[in-house]
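Engineer: One-letter residues, chain by chain:
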Amino acid sequence: MEYFKSLINRKFKDVVGSRYKDVLKDYREFLLTEEEIVLCDFKRILIPLDIFVSEVPEDFYDLLTAFDETEINLVYITDSDVISIINDVLGEDAGREYQAKKENYGRGLLEKISGELESRGITVNRRLYAGRKWDDVEAMSENYDLVAVSKSFGGGRGDENEISPVAQRLVQQMNVSSVLY
Amino acid sequence: MKILVLLDGSKWSYKAAINAIEIAKKKDAEITIFSVIDKDETRAAAFYLCRQSNMCDLVNEHEDKIYRDLKKSIGEDLNELTLNMNRMNLEGRSKIVEGRRDEEILKEFESGDYSLVVMGAFGKRSNIRVGTLFNGISTAINVPILIIR
Numbered sequence: 001m002e003y004f005k006s007l008i009n010r011k012f013k014d015v016v017g018s019r020y021k022d023v024l025k026d027y028r029e030f031l032l033t034e035e036e037i038v039l040c041d042f043k044r045i046l047i048p049l050d051i052f053v054s055e056v057p058e059d060f061y062d063l064l065t066a067f068d069e070t071e072i073n074l075v076y077i078t079d080s081d082v083i084s085i086i087n088d089v090l091g092e093d094a095g096r097e098y099q100a101k102k103e104n105y106g107r108g109l110l111e112k113i114s115g116e117l118e119s120r121g122i123t124v125n126r127r128l129y130a131g132r133k134w135d136d137v138e139a140m141s142e143n144y145d146l147v148a149v150s151k152s153f154g155g156g157r158g159d160e161n162e163i164s165p166v167a168q169r170l171v172q173q174m175n176v177s178s179v180l181y
Numbered sequence: 001m002k003i004l005v006l007l008d009g010s011k012w013s014y015k016a017a018i019n020a021i022e023i024a025k026k027k028d029a030e031i032t033i034f035s036v037i038d039k040d041e042t043r044a045a046a047f048y049l050c051r052q053s054n055m056c057d058l059v060n061e062h063e064d065k066i067y068r069d070l071k072k073s074i075g076e077d078l079n080e081l082t083l084n085m086n087r088m089n090l091e092g093r094s095k096i097v098e099g100r101r102d103e104e105i106l107k108e109f110e111s112g113d114y115s116l117v118v119m120g121a122f123g124k125r126s127n128i129r130v131g132t133l134f135n136g137i138s139t140a141i142n143v144p145i146l147i148i149r
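Chains A and B, in that order, are what the protein sequence lines are.
With our numbering, you'll find the first sequence wraps up at 181, consecutive numbering, no jumps.
With our numbering, you'll find the second sequence wraps up at 149, consecutive numbering, no jumps.
Quick caveat, the hints were computed from the structure, so don't treat them as lab data.
Any given hint might turn out to be false.
[As the list claims (entries may be wrong)] Incomplete in silico selection of chain A near chain B, CB under 7 angstroms:
hint, residue
1, Leu39
2, Asp59
3, Phe60
4, Leu63
5, Asn161
6, Leu180
[What the hints assert, rightly or not] Within a straight-line C-alpha distance of at most 25 angstroms, the following computed DMTMM-like cross-link-like pairs (lysine to aspartate or glutamate) qualify:
hint, chain 1, residue 1, chain 2, residue 2
7, B, Lys107, A, Glu162
8, A, Lys21, A, Asp68
9, B, Lys26, A, Glu162
10, A, Lys43, A, Glu118
Glycine included, each C-beta is placed from N, C-alpha and C at the ideal position.
Using the sequences and the accompanying hints, generate a full structural model.
Structural biologist: Structure follows, in structure tokens:
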């Protein structure tokens, strides 16, 4: 930390002198404090998945191996609002069938990604449930150091590189670091 | 692995760069710290200053001064970070260019065969969530983007 301390002194304390504390308080968004110049410790990582996520790029797996003693939680979410609409319009049997089909895909995806991660020595937990993708992931993110969101998560993309509105909003709103892949 | 780090003079991008260097160290990756001085921004800042200070006869001087200050400040950040990379024996380089930020970043990205882009969560106007830069580049970048908070 000696290097960072000298950096803070050179960059800020020497510049604003005796007003350092006041300036720090009033202009916090511009000044990087000693507490903030820290390496992020990505121990707990959340990867939300859904029917729209199919491929996870090799570069992303490669990045995850840079973090030490990481535990990854893979969470596959089926949209509960869509299930409710199908229940209301087509009946509960159709709703159950829809959910079963989506979750069948989800189990396969969880299996595939878990295998890739475990083969790289990363600890993985899996979960599958029906819920609200956007609200649930935003709420869950508070318990993680990093959230990795596919550009496809939540759907609604026009072309391969476009970012879904759900992925875009999550990256904008979450209070933790994120990876968009 | 080749990492492109976007440095814009904000504290968030500095924090992103420190973290990118750490990743590069662990992955034995090549790292480029890249910064764009956008003259449109310095023009806008100078004009705002002239309106606020009622000294619009000095607007060109303000623009030059803001430009020089910004370049100096980013240059200092780059020097610090390069020094840090050298200490760690990392293969890295830093680069400052002038132009439109989005265009220059994408030009660098496309020419560099990068496998990871690292950026800060907020720009210099930190009240804007995930700086406007993100919207301009994220769809065109087809490798993971790590956004540090």
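Engineer: Hints broken by the structure, by number, lowest first?
Structural biologist: Of the numbered hints given earlier, those the structure breaks are 8, 9, listed in rising order.
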